[in-house]
Amino acid sequence: MTDPTPAVAPRNPVSRMVAAFGRFWWEFLIGDTPELFVGAVLVVGLVALVCVDHGARAWAAVLLPVLVAGLLGSSVWRAKRRGAS
Amino acid sequence: MIATTTVHSGSIVLAVAVFLACAVEMVEALTIVVAVGSTRGWRSALEGTAVALLVLGALVVALGPAIVRYVPLGTLRLVVGGLLLVFGLQWLRKAVLRASGLKAKHDEDAIFARHVEELSGTGAGRGRDATAFVVAFKGVFLEGLEVVVVVITLGTTSHDLGLAALAAAAAIVVVGAVGAAVARQLSSVPENAMKMGVGLMLVSFGTFWSGEGVGVHWPGSDLAIPVLVGVYGLGAWALVVSLRPGSAAKISALLPGAGGSANHD
Chain A
1 MTDPTPAVAP RNPVSRMVAA FGRFWWEFLI GDTPELFVGA VLVVGLVALV CVDHGARAWA
61 AVLLPVLVAG LLGSSVWRAK RRGAS
Chain B
1001 MIATTTVHSG SIVLAVAVFL ACAVEMVEAL TIVVAVGSTR GWRSALEGTA VALLVLGALV
1061 VALGPAIVRY VPLGTLRLVV GGLLLVFGLQ WLRKAVLRAS GLKAKHDEDA IFARHVEELS
1121 GTGAGRGRDA TAFVVAFKGV FLEGLEVVVV VITLGTTSHD LGLAALAAAA AIVVVGAVGA
1181 AVARQLSSVP ENAMKMGVGL MLVSFGTFWS GEGVGVHWPG SDLAIPVLVG VYGLGAWALV
1241 VSLRPGSAAK ISALLPGAGG SANHD
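From first to last, the protein sequence lines are chains A and B. For reference, each letter of the first sequence is one residue, going 1 to 85 in this note's numbering. For reference, each letter of the second sequence is one residue, going 1001 to 1265 in this note's numbering.
Source of the hints: derived by calculation from the structure; they are not laboratory data. None of these values were measured; they are calculated from a predicted model. Virtual Cβ for every residue (Gly too), placed ideally from N, Cα, C. Any given hint could turn out to be false.
[Said to hold, decoys possible] Here are the simulated DSS-like pairs of lysine-lysine, each with C-alpha atoms no more than 25 Å apart in a straight line:
hint	chain 1	residue 1	chain 2	residue 2
1	A	Lys-80	B	Lys-1138
2	B	Lys-1138	B	Lys-1094
3	B	Lys-1103	A	Lys-80
[Claimed, not checked] Across the chosen pairs, the derived CB separations fall in these ranges:
hint	chain 1	residue 1	chain 2	residue 2	range
4	A	Arg-81	B	Ala-1066	40 to 50 Å
5	A	Val-41	B	Pro-1219	19 to 29 Å
6	A	Ala-58	B	Ser-1011	25 to 35 Å
Work out the full structure: start from the sequences and follow the hints.
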């Protein structure tokens, strides 16, 4: 018979530090609002694509704040629908 | 003349953003330190606080100049702008939800009472107290890490790390002095309004720098930052008003043809 509860090997200080570092950045950037992280990446990516076209570049200075404001609005309304997390 | 004006407007917004961010986090840290000091003795609580501030300062000194030296400016602006954008949106979202009453406000009194209850459970000895030291250190260090990120990101992209560090140090001194004077009345600090202000500035800096990083040409250069603060401020205000309970009924009452459906009292 084998032991059904194998002992968990104690983690060394380095892996604990790496895990804590990763946890900090996860909480810092994503936390309970992953839509803000994903949305910000998409918004900046879209504006980068707009800036490739020199004719459309002039609109980027207007487009970026509008998209960011829209992202904030949609996240806040999402929170309202979920009962303000 | 224009260059001087733009440099000053950017520097002022930078200093205000760092000062407010640091002040908000310091209020939260101070709540913990005051709870530790008043229940287990001030000596170890203040030692834990001082060591945490030293470690945080060392992080800024070690990381800030290295980032400026080794990371290309375009990459720095894009990455830092993205970081500030995400971080600022989180702060602003929380502040909007609190201002509109959809989320409970940060209650320093409740946090203070909880810490006092936890720390009173075990007896404090004379002299140095390891528990008081560790709790004060952790409180200040963890709250301060966010400030370190704000100081480094804003300071390096603006090429004014010294001003950002100075603004953070000023906030520590001011909040520390006010905290010493009012002691347990930290709940009277308008924390949500400060958080709203910081969120607006972080999102504005984030928009500006990430835009610069991908090739956006801002009209007026650095002067676009205060304009962005104003635009986002209006947007946040509109969100708060529209989210307040009863606002939908009030709006529908103003619309023609809404009939008697606006009976919200």
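Evaluation of the provided hints:
About 33 Å separates the Cα atoms of Lys-80(A) and Lys-1138(B), which puts this hinted pair outside 25 Å; it is violated. With a C-alpha separation of about 24 Å, the suggested pairing of Lys-1138(B) with Lys-1094(B) holds against the 25 Å cut-off. Taking the CA atoms of Lys-1103(B) and Lys-80(A), the gap is about 9 Å. The hint holds against a cut of 25 Å. Range check, Arg-81(A) to Ala-1066(B): about 44 Å between beta-carbon atoms, so the 40 to 50 Å window is met.
Between Val-41(A) and Pro-1219(B) the Cβ separation comes to about 25 Å, which falls inside the hinted range of 19 to 29 Å. A hinted range of 25 to 35 Å holds for the C-beta pair Ala-58(A) and Ser-1011(B), which are about 27 Å apart.
When held up to the earlier numbered hints, the structure conflicts with hint 1 and nothing else.
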